[in-house]
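Undergrad: Protein chains in written order, with our numbering: chain C, 1 to 162; chain L, 1 to 162; chain P, 1 to 162; chain B, 1 to 162.
Keep in mind that a hint or two might mislead.
No copy is singled out in the list; a pair is fine if it fits within one copy or between any two copies.
[Claimed, not checked] Quick list of in silico lysine-lysine cross-link-like pairs, DSSO-like style, CA-CA up to 27 Å:
#, residue 1, residue 2
1, Lys158, Lys38
2, Lys158, Lys45
3, Lys131, Lys158
4, Lys129, Lys44
5, Lys134, Lys158
6, Lys134, Lys45
7, Lys44, Lys158
8, Lys158, Lys129
9, Lys131, Lys38
Source of the hints: derived by calculation from the structure; they are not laboratory data. Keep in mind it's a predicted model, so treat the numbers as computed, not measured.
There are 4 protein chains.
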Amino acid sequence: MNLFKQLKIGVITLILALLSNTLQAQITNDITDNEAFKALLAAKKSAEENNVLVNIAVVDAGANLKAFIRMDESYLGSIDVAIKKAKTARYFNIDTGELGELTQPGGIIYNIELSNNGLVSFPGGLPIKNKEGKIIGAIGVSGGTIEQDRAIATIGAKSILN
Amino acid sequence: MNLFKQLKIGVITLILALLSNTLQAQITNDITDNEAFKALLAAKKSAEENNVLVNIAVVDAGANLKAFIRMDESYLGSIDVAIKKAKTARYFNIDTGELGELTQPGGIIYNIELSNNGLVSFPGGLPIKNKEGKIIGAIGVSGGTIEQDRAIATIGAKSILN
Amino acid sequence: MNLFKQLKIGVITLILALLSNTLQAQITNDITDNEAFKALLAAKKSAEENNVLVNIAVVDAGANLKAFIRMDESYLGSIDVAIKKAKTARYFNIDTGELGELTQPGGIIYNIELSNNGLVSFPGGLPIKNKEGKIIGAIGVSGGTIEQDRAIATIGAKSILN
Amino acid sequence: MNLFKQLKIGVITLILALLSNTLQAQITNDITDNEAFKALLAAKKSAEENNVLVNIAVVDAGANLKAFIRMDESYLGSIDVAIKKAKTARYFNIDTGELGELTQPGGIIYNIELSNNGLVSFPGGLPIKNKEGKIIGAIGVSGGTIEQDRAIATIGAKSILN
């Protein structure tokens with residue numbers, strides 16, 4: 001085999017390898033269980049470091065529950081709030097806190113919270129995006145202040161990019 | 001009695017005393033049926049003395065219904081309100097009236113009442129704490145004015161400390 | 001006015017007074033809170049004597065919750081079953097066990113349990129009758145065997161006659 | 001060292017040992033988040049080894065959701081089934097498969113599934129017990145055959161004992 005052929009084979013191999021990587025990345029339009037666990041654990045770690053007791057929920061691209069954890073002694077009422085935050089964030093691909101600005105009395109989508117068996121429209125719910133920026137799910141955090149919940153949700157959502 | 005025997009008895013007494021204290025603390029994680037009855041009856045007595053007709057609900061540490069009474073002629077609609085007040089108070093370990101200050105239009109957790117199959121966020125729901133200050137359940141009172149409901153709930157919640 | 005007329009008036013007055021008493025008794029077509037407590041306590045005492053852990057619910061003539069107690073360590077799932085047994089018994093003025101004989105596959109009211117937000121059609125729910133035999137509410141017991149539940153419910157229902 | 005000192009040290013050691021045991025027993029009334037994670041991961045590992053795709057839910061002693069994971073490509077409909085299996089197992093402290101034997105047409109608690117917002121009465125839900133044998137929560141598995149679900153749930157429930 002001459003050098004040219006060797007080079008050609010090498011190049012084709014490289015192209016296939018690159019394509020394969022791209023294709024692999026392309027089909028990840030839904031969060032995996034491992035990514036969901038990763039988001040849960042990163043969020044939980046952040047909550048523990050900041051002495052906040054939270055419930056953390058992750059939903060997939062279909063807004064269906066993918067993973068959940070309730071930290072010991074966190075609010076019982078936050079189970080449902082965390083799940084609803086995650087679902088709300090995915091239902092409308094939005095930071096739940098931004099949604100809340102539109103749902104107040106006089107707002108353009110006043111009382112939309114009554115749809116979908118109940119939305120939550122204050123901070124703590126965020127879409128989860130993959131490296132290509134595509135939304136693959138969402139995370140909801142409840143139990144701390146709304147600022148703490150949003151900060152913890154942000155850490156969880158970004159953790160899957162590492 | 002020689003020194004050895006005296007020492008032995010003293011030590012055994014000490015062990016028993018320490019164990020006894022530890023065990024007492026151990027069993028007070030959840031409200032008992034007798035405590036729940038006590039809270040109901042104290043609240044009902046207070047309502048009768050003040051000529052208020054109320055529904056009274058007690059939930060346990062898991063926010064599950066533990067005890068309930070509806071006074072004759074009290075509002076039928078207050079059955080569910082009293083139960084939801086008790087659950088809300090335990091869901092978020094809070095005086096339901098304080099929760100309501102945060103859920104108004106413009107409030108930081110506006111419309112959270114839509115979560116958990118419906119919360120109640122005006123006064124009349126209170127956590128119940130044991131002598132060690134640990135929350136072991138909650139009480140909800142509905143039927144009077146919100147001030148009356150809160151006052152009656154307070155008497156019910158505190159009654160288990162006597 | 002002669003003696004005859006005086007007598008007539010006296011007799012009519014007497015009749016009216018007697019009727020009034022009768023009518024007063026007649027208007028108690030709804031269980032009182034004291035009767036509901038009495039039924040709860042009698043049922044609970046019977047359960048304790050037989051070492052059964054149960055939930056006990058009493059509903060009024062309108063099938064609305066009147067009183068409830070969950071014994072320590074009894075089933076969490078029996079909260080709802082006890083309440084539904086009491087409601088079912090009053091909805092159809094029937095021993096819930098008798099209802100169940102009609103709701104089986106092939107039965108004349110197959111799957112009626114799906115109505116009314118869920119009925120319970122096995123033993124443990126019984127109407128509560130006053131001394132005149134009028135149904136004034138119902139009791140539901142859940143946590144033991146169906147025979148135990150029915151026996152305890154019977155004791156609770158009959159207790160208000162004493 | 002004289003006899004007195006030896007005795008003193010021995011006694012103190014004994015006290016500490018006894019207290020330690022008592023305290024350990026004290027904190028195991030409800031499943032912890034770490035235990036819930038442990039059960040999830042053990043169950044998931046078993047499912048993967050057996051090429052089964054399942055949803056796994058863990059509830060606490062109050063039957064409230066504690067942890068959850070949905071494996072990639074597992075049934076969407078199994079999210080709710082897994083959660084309801086876990087809740088059912090804790091509601092009645094029972095293997096859900098054993099419950100199902102009693103709820104068939106003609107069974108002594110026919111149609112009890114309609115209570116508690118829907119129970120699941122086939123295998124895959126199991127109480128979780130601590131080392132002292134006390135029920136501290138429950139696990140529900142759904143997605144495989146009922147035999148697989150039960151086997152995976154068993155592994156999850158037992159994992160916390162190690």
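Undergrad: Does each hint hold? Answer for all of them.
TA: Hint-by-hint comparison with the structure:
no.: 1; hint: Lys158 <-> Lys38; verdict: both (10 Å within a copy, 24 Å between copies)
no.: 2; hint: Lys158 <-> Lys45; verdict: both (13 Å within a copy, 26 Å between copies)
no.: 3; hint: Lys131 <-> Lys158; verdict: within (10 Å within a copy, 35 Å between copies)
no.: 4; hint: Lys129 <-> Lys44; verdict: both (19 Å within a copy, 25 Å between copies)
no.: 5; hint: Lys134 <-> Lys158; verdict: within (13 Å within a copy, 30 Å between copies)
no.: 6; hint: Lys134 <-> Lys45; verdict: both (25 Å within a copy, 26 Å between copies)
no.: 7; hint: Lys44 <-> Lys158; verdict: both (13 Å within a copy, 24 Å between copies)
no.: 8; hint: Lys158 <-> Lys129; verdict: within (8 Å within a copy, 33 Å between copies)
no.: 9; hint: Lys131 <-> Lys38; verdict: within (15 Å within a copy, 30 Å between copies)
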